[in-house]
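Asks: Start from the sequences and build out the full structure, keeping to the hints where you can.
So the sequence shown is numbered by my numbering: it starts at 1410 and just counts up by one.
Think of the hints as simulated: they come from the structure by calculation, not from any bench. The C-beta atom is built at its ideal place from N, Cα and C for all residues, glycine as well. Incorrect hints may have been included.
Unchecked claim - No more than 20 angstroms apart at the CA atoms, straight line, and that leaves these computed lysine to any residue pairs for SDA-like: (1) Lys1570 - Glu1455; (2) Lys1670 - Asp1719; (3) Lys1427 - Val1720; (4) Lys1568 - Gln1464; (5) Lys1568 - His1578; (6) Lys1670 - Thr1681; (7) Lys1576 - Ala1603; (8) Lys1570 - Val1461; (9) Lys1714 - Cys1724; (10) Lys1714 - Pro1426; (11) Lys1670 - Ser1639; (12) Lys1714 - Thr1680; (13) Lys1714 - Asn1668; (14) Lys1568 - Val1451; (15) Lys1714 - Lys1476; (16) Lys1427 - Glu1713; (17) Lys1576 - Asp1565; (18) Lys1476 - Leu1463; (19) Lys1476 - Gly1462; (20) Lys1586 - Trp1466; (21) Lys1576 - Asp1735; (22) Lys1570 - Glu1440; (23) Lys1714 - Ser1639; (24) Lys1476 - Trp1487; (25) Lys1586 - Met1640; (26) Lys1476 - Leu1535; (27) Lys1714 - His1424; (28) Lys1427 - Ser1706; (29) Lys1576 - Arg1429; (30) Lys1670 - Pro1658; (31) Lys1570 - Val1451.
Claimed, not checked - Across the chosen pairs, the derived CB separations fall in these ranges: (32) Thr1524 - Ala1704: 36 to 44 angstroms; (33) Val1666 - Asp1735: 38 to 46 angstroms; (34) Gly1498 - Gly1536: 28 to 36 angstroms; (35) Pro1499 - Phe1597: 40 to 48 angstroms.
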Amino acid sequence: MNVSTSASLARWPNHLPKQRYGGDGLQWSIERLASNDRDAVVNLYEAVLRLVGLQDWAVTDRDTSFKSLVGWLQETSWNQLRRDVAAIGPDTYAEFGSNSTLRKVVHDMRGGPMTSLALDLSLVSLGRLDDVDPTRVFLLARDVCKIMRNSFPDIDRDKYKADVALKSHSVRLLVDKWRRLESDVAVFCEYDGAIAESCIEFSALDRVLYNCMNNAMRELDGDGQRVSLSMHTDSQRDPQHLRVVVSNPISPEQCAVLNNKFSGDYSPLFTTNYSTTGSGIGLQVVADFASRAYAWSTQRALDEKLFGVDVSEQCFTLWFHWPVAD
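Replies: In structure tokens form, the structure reads like this:
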């Protein structure tokens, strides 16, 4: 979806919140998990944090990086950690009740950067080192830890305290990261300023974008096709809002299913569990965070086209807005 097309579907927000959104709110305490679920979350976090802390990521010698990574895998029961996290839910729901926020938190922990990290680690364990970029592994592992702290603030109180401290984050961090993470993504950005005022706000934005991108990559139709990630501002001179647009080709069959189901009104994608291949929770997370960023209810945000979806010409396009940071 190009700039002119996105402008005809979306519209720029007409206000900024009185107080900038800090990136919190869509979170859960590890103390409100069943004991076995709590152990699974903590063990996963501590293992990936050790991975981030390996000393060899900055070296240019791939062999040294992989030696360190393989050593970590040998010391870590990675497959068991993944199985334990996959089993999270029933015991906690039995003890504390079902909760939509908990489901979103668990969804983002299992998905997000974890999906790609698990794939890369499986390739490493199989000895397919030529198919793995060590820097990509580091970026994914770092994002897993940051998103887990955003989701479970009390999992690492000291680092969470540092995450909420004021620290400007440039949109270039998103651009450079996604160019490195996925070769099947074409990234365009016309803005070069700040988009978040703290690590915790930036991790909230990461949770939104990972959900958008994972959805697009999962639904990508056809060999040689690419996902488009573009970012635009409402003004070159004095921008107030960033519009993020994610677009991926879909098959005629996928297009027909969506159009028959929704008849051009795709708002239920953000408010229900409808999905053709996933849980349907990811776009609810997008709606939740983007609405919070503007201090709007989900329904008002939908009415104001703060986020939305369009399906046309065998292309699925999603957009959302986020206030820029001075």
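Asks: If a hint holds in the structure, say so; if it does not, say that too.
Replies: So, going through the hints one by one against the coordinates:
no.: 1; hint: Lys1570 - Glu1455; result: holds (17 angstroms)
no.: 2; hint: Lys1670 - Asp1719; result: holds (13 angstroms)
no.: 3; hint: Lys1427 - Val1720; result: violated (34 angstroms)
no.: 4; hint: Lys1568 - Gln1464; result: holds (19 angstroms)
no.: 5; hint: Lys1568 - His1578; result: holds (17 angstroms)
no.: 6; hint: Lys1670 - Thr1681; result: holds (13 angstroms)
no.: 7; hint: Lys1576 - Ala1603; result: holds (10 angstroms)
no.: 8; hint: Lys1570 - Val1461; result: holds (19 angstroms)
no.: 9; hint: Lys1714 - Cys1724; result: holds (19 angstroms)
no.: 10; hint: Lys1714 - Pro1426; result: holds (16 angstroms)
no.: 11; hint: Lys1670 - Ser1639; result: violated (27 angstroms)
no.: 12; hint: Lys1714 - Thr1680; result: holds (14 angstroms)
no.: 13; hint: Lys1714 - Asn1668; result: holds (19 angstroms)
no.: 14; hint: Lys1568 - Val1451; result: holds (14 angstroms)
no.: 15; hint: Lys1714 - Lys1476; result: violated (49 angstroms)
no.: 16; hint: Lys1427 - Glu1713; result: holds (18 angstroms)
no.: 17; hint: Lys1576 - Asp1565; result: holds (19 angstroms)
no.: 18; hint: Lys1476 - Leu1463; result: holds (11 angstroms)
no.: 19; hint: Lys1476 - Gly1462; result: holds (14 angstroms)
no.: 20; hint: Lys1586 - Trp1466; result: holds (15 angstroms)
no.: 21; hint: Lys1576 - Asp1735; result: holds (11 angstroms)
no.: 22; hint: Lys1570 - Glu1440; result: holds (18 angstroms)
no.: 23; hint: Lys1714 - Ser1639; result: holds (17 angstroms)
no.: 24; hint: Lys1476 - Trp1487; result: holds (17 angstroms)
no.: 25; hint: Lys1586 - Met1640; result: holds (14 angstroms)
no.: 26; hint: Lys1476 - Leu1535; result: holds (14 angstroms)
no.: 27; hint: Lys1714 - His1424; result: holds (13 angstroms)
no.: 28; hint: Lys1427 - Ser1706; result: holds (15 angstroms)
no.: 29; hint: Lys1576 - Arg1429; result: holds (14 angstroms)
no.: 30; hint: Lys1670 - Pro1658; result: holds (18 angstroms)
no.: 31; hint: Lys1570 - Val1451; result: holds (18 angstroms)
no.: 32; hint: Thr1524 - Ala1704: 36 to 44 angstroms; result: violated (31 angstroms)
no.: 33; hint: Val1666 - Asp1735: 38 to 46 angstroms; result: holds (43 angstroms)
no.: 34; hint: Gly1498 - Gly1536: 28 to 36 angstroms; result: holds (33 angstroms)
no.: 35; hint: Pro1499 - Phe1597: 40 to 48 angstroms; result: holds (43 angstroms)
Violated hints for the displayed structure, listed by number in ascending order: 3, 11, 15, 32.
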